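*Asks:* Line by line, the protein sequences give chains A and B.
Just so we're aligned, residue 1 is where the first sequence starts under the working numbering, counting upward by one.
Just so we're aligned, residue 1001 is where the second sequence starts under the working numbering, counting upward by one.
Below, computed lysine-lysine pairings styled on DSS-like, alpha-carbon distance capped at 27 Å: (1) B/LYS1450 x A/LYS115; (2) A/LYS73 x B/LYS1450; (3) B/LYS1445 x A/LYS138; (4) B/LYS1445 x A/LYS115; (5) A/LYS153 x A/LYS138; (6) A/LYS138 x B/LYS1441; (7) A/LYS16 x A/LYS248; (8) A/LYS124 x B/LYS1445; (9) B/LYS1126 x B/LYS1136.
Since the hints were derived computationally from the structure, they do not count as laboratory data.
All of these numbers come straight from a predicted model, not from anything done at the bench.
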Amino acid sequence: MALLEIKNLHASVGGKEILRGINLTINPGEVHAVMGPNGAGKSTLSAILTGNPQYEVTGGEILYKGQDLLAMKPEQRAWEGIFLSFQYPVEIPGVSMVNFMRTAVNSQREYRGEKALTATEFLKLMREKRAVVQLDNKLANRSVNEGFSGGEKKRNEIFQMAMLEPTLSILDETDSGLDVDALRIVSEGVNRLKSAERSSIVITHYQKLLEYVQPQFVHIVYKGRIVKDGGPELGDRIFAEGFDWIKKELGEE
Amino acid sequence: MSAEKQYIDLYRSQKALIDANSAPALNACREEAAQMLEREGLHKPNDFTHVDSEQLLSADYLINLARHEVPTNREDLFTCAVPELSTNVHFLCNEQYIGNTDKINDSRFFAGSLREFAKQHPEIVKEYYNRLAGRKLDTGDKRSSKFETCSPGEAALNTLLCQDGFVLYVPAGVEVQKPLQLISLLRAVDDFMAVQRLLVIIGDNAKASLLVCEHASLLPKIDDASQFPDLLSLQTTEIFVGKHATLDFYCLEEHHEHAYRLGQVYVRLDEGANVDLGEYALTAGRTRNRVQIELTAPDAKIQLYGMAALDGSQQLDNLTFIDHQAPDCQSNELFKYVLDEQAKGSFLGRILVRKGSDKTDAHQTDRNLCLTPDTRMVARPELEIYADDVKCSHGATVGQLDQQALFYMRTRGIPEEEARMLLMFAFMSDVIDGIRIEPLKDRLKHLIEKRFRGELKQQCNGCFTR
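Given these sequences and hints, build the entire structure.
*Replies:* Okay, structure coming up:
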């Protein structure tokens, strides 16, 4: 069974239609890259998958593990294993990383019928996963994302991903604003979580991240639709030539 | 007949009874108070606050002038939500001091009944009692705002009828190590007005901490909430802090919806005095707090905090006035409200920096969350500066929970209710972090969390039924 099936998805924000019929199927263990020019609808797709209430689904359906994803609340999607690494992680002053993460992990465990982690177990897990992305202990004791640099915020996203061990992770431009070393650390973090059951959607403009995570499938989103599917070679051509040739193929310009 | 006239008539006709159940040093101030009340009246039109004090004061209440004993057994009266903070717990039922659990007899200072203290030490009471509440403050400049933060009329009514209350008197040089706790309970079977008075005198170089817990009892035999008696607490608190003395004064309110509180706190700081003053409302009925702080000599320092978590039809107004009368003083003011359902709040914060108060460092912040469209919040910051070399700031915001933060938390699997709770708790954290009594800080954090989880009401009903 496919992990995720998006069928003819239409969505809008503030009355403006952004997605106009997306079709995408992802099987367990697959890594899919989603590329496309700015404003094509890539981030809207990730917002819809995670249930952002600011976006409205106007048509189509999404099946996740065979269930109606659109009927689930954002938190339930998380418990079912969906994770979004935000393009712009949100600062939450006054909520400590530890408290935030413990509440998240234990809510997930409760949903799955597992016992809550004790303080000791939890801190041990934090330590372990922090090491994956080399996130400073100092940061773990601060408020969520508050005063973090751009790179630290992105590493913090991957740290949270490591803590929650999602089945479907969506990386929304996780590589933007990262220097070479941070990109390597983040990519290694992502790769460590790869398995035969877990799948990823990687939204990116850059070649470097795709070199690290090596997607099997590449999709080009343009004006709210997937206009081209291919393998890694499609990504390579985009990096070499940009999107103009696709627009030409579509009969534009 | 106007409300003030009724009270003055009551006083005239019952003077002998009132005086007989009080102390000469308190009785000595009544005539002057009657004149002040007549002159000032009880009603001042004000478009910025919610609590209708005129209506509250016009209603008919029983007043316990004959000092009938209130049937209370303080040991099993109720459990305060801040238990075991210290060994020194004092009890006030309505206006009457009813004792303490003091296991250590420390004769270096006095904490207890105002009436007894006024009998034993009339000279001290004469020097301090009604010195701040009994006068109108001259703001020193005719351009200055005509808005009066405190109500001389309400204070005069308190002085007119006051018979007892609580005193903390710490002589010069004495450091009281353990925080003192005063549990103040409103309790009556009929509509009732308590005329409460607090007098706090901290001598030069002395040090003390006082936590006042405001409760109102629910009566177990009454099932129908509409049958609850209306309980009004008319409070006047005067606080004197001497040279280089330190005082922490926190008030924690957990009133139910039939309890009304009209409180005025007057504070006077001498040179180098350091005061932490906090008003924390976990629940309220209808409350108006007025706070007037005078920094009278150089290097005095005040931290003023206010917090309110309101829902239902609760109303809370905070009116504050910080008066910088001398150079080199600091004031730091932080107020935060979380309003839910149909709750209403207001914050009217005024800072005056008088001519010559150079090097004043004064900051005021008021932040508010309105969780539903039916809540109302009024914020009016006022900064009046007549000195040249000062550092002053103010900021006020009214907003909603951060929707992006809420969504972010939910995508991590934190349920919406829990995420909202965490955000509200985070919003309140800085107003609690400043508290200088550590166990109170921890306890308050715990209580706020319970409050936002909706567990506090139930617990309070439980502890009041005995």
